[in-house]
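Novice: Let the sequences and hints guide you as you build the complete structure.
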Amino acid sequence: MNLISIPALRDNYIWLIDDQNGHCVIVDPGEAEPVFQALAERHLTPTAILLTHHHDDHVGGVRAITERFSAVKVYGPEETASKGAKIILKNQQKVEIGGVNWQIFATPGHTLGHISYYSAPYLFCGDTMFSAGCGRLFEGTAEQMYQSFQQLAELPDDTLVCGAHEYTVSNLKFARQILPDDSDISAHEEYVLAKRKNGQSSLPTTLGLERKINLFLRCHDTDLQKKLDLNGSITQDWQVFARLRQLKDSF
Numbered sequence: 001m002n003l004i005s006i007p008a009l010r011d012n013y014i015w016l017i018d019d020q021n022g023h024c025v026i027v028d029p030g031e032a033e034p035v036f037q038a039l040a041e042r043h044l045t046p047t048a049i050l051l052t053h054h055h056d057d058h059v060g061g062v063r064a065i066t067e068r069f070s071a072v073k074v075y076g077p078e079e080t081a082s083k084g085a086k087i088i089l090k091n092q093q094k095v096e097i098g099g100v101n102w103q104i105f106a107t108p109g110h111t112l113g114h115i116s117y118y119s120a121p122y123l124f125c126g127d128t129m130f131s132a133g134c135g136r137l138f139e140g141t142a143e144q145m146y147q148s149f150q151q152l153a154e155l156p157d158d159t160l161v162c163g164a165h166e167y168t169v170s171n172l173k174f175a176r177q178i179l180p181d182d183s184d185i186s187a188h189e190e191y192v193l194a195k196r197k198n199g200q201s202s203l204p205t206t207l208g209l210e211r212k213i214n215l216f217l218r219c220h221d222t223d224l225q226k227k228l229d230l231n232g233s234i235t236q237d238w239q240v241f242a243r244l245r246q247l248k249d250s251f
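Here the sequence shown stands for residues 1 to 251, numbered as in the working numbering.
Simulated from the structure, these hints should not be mistaken for lab results.
Computed from a prediction, not measured in an experiment: that's the story for all the values here.
Every residue, glycine too, gets a C-beta built ideally from N, C-alpha and C.
The reader is advised that the hints may include incorrect statements.
What the hints assert, rightly or not - DSBU-like, lysine-lysine: derived pairs with alpha carbons at most 35 angstroms apart:
no. : residue 1 : residue 2
1   : K195      : K212
2   : K86       : K73
3   : K248      : K83
4   : K226      : K195
5   : K197      : K173
6   : K197      : K227
7   : K227      : K248
8   : K86       : K173
9   : K195      : K227
10  : K94       : K212
11  : K73       : K94
What the hints assert, rightly or not - Restraint-style ranges between C-beta atoms, simulated for each label pair:
no. : residue 1 : residue 2 : range
12  : Q150      : E78       : 33 to 41 angstroms
13  : E154      : E96       : 32 to 40 angstroms
14  : G232      : T45       : 55 to 63 angstroms
Specialist: In structure tokens form, the structure reads like this:
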């Protein structure tokens, strides 16, 4: 399989999984035109669309794509039924899509019905996990998002985390503000800044790397807990997660 990222809108990524036999699966097409251009350049025909959640910057291109390619099947959680999903997926479901076996994880937090797709080594997690960060809590709670992270954290280190936004520079800047002496965070920030300066994407990342640089995966870290728990009110790891998200919202 060949992984292709397509920049879209302001800072989104639409993902293509190319089977190298002329067909592909599209993940979270926020708009159609960049997808049409990528398909034409690579002589690909889409067989399926995978949706992680209902926000317009992830589903905005569905109608135009399905109008042009009528045989495309659209998969997603219940909340995307009104956005074009015809095949509704649920937590822990296993399904074959585009000749690939996928496992579905319910990952609520950003939205209540958000799901993620995993087929080793690929993880398409929409607006749940970003490199060095996590999605905003528009509908769910911090505890829900923490549990979503715990579920994804059980995957192997070589998992390719394909988040849907280019937020890595901002996320690393925030992480370095919290833990200014962390060498892994500082080193990766330098690496990502150089890539972005050259117009390169910071994604995908690996789960092994994220365990080091993503504070939202380090809520058990005693140094991080001490840094955040100024009044002794934090007693559980998910509360560390909640405090981090609160700080990031005002960063």
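Novice: For every hint, state whether the structure bears it out.
Specialist: Right, here's what the structure says about each hint:
1. K195 with K212: With Cα atoms ~19 angstroms apart, K195 and K212 stay inside 35 angstroms; holds.
2. K86 with K73: 7 angstroms, holds
3. K248 with K83: Holds: K248 and K83 sit about 30 angstroms apart, inside 35 angstroms.
4. K226 with K195: Measuring from Cα to Cα gives roughly 33 angstroms; hence the hint holds.
5. K197 with K173: Status holds; Cα separation ~16 angstroms.
6. K197 with K227: Judged against 35 angstroms, a Cα distance of about 32 angstroms means the pair holds.
7. K227 with K248: 15 angstroms, holds
8. K86 with K173: 40 angstroms, violated
9. K195 with K227: This hinted pair holds, its Cα atoms lying about 30 angstroms apart.
10. K94 with K212: Given pair K94, K212 holds - Cα atoms ~30 angstroms apart, limit 35 angstroms.
11. K73 with K94: 16 angstroms, holds
12. Q150 with E78: 33 to 41 angstroms: 23 angstroms, violated
13. E154 with E96: 32 to 40 angstroms: 22 angstroms, violated
14. G232 with T45: 55 to 63 angstroms: Given a distance of about 59 angstroms, which is inside 55 to 63 angstroms, the answer is holds.
Consistency with the previously given hints fails for numbers 8, 12 and 13, ordered from lowest to highest.
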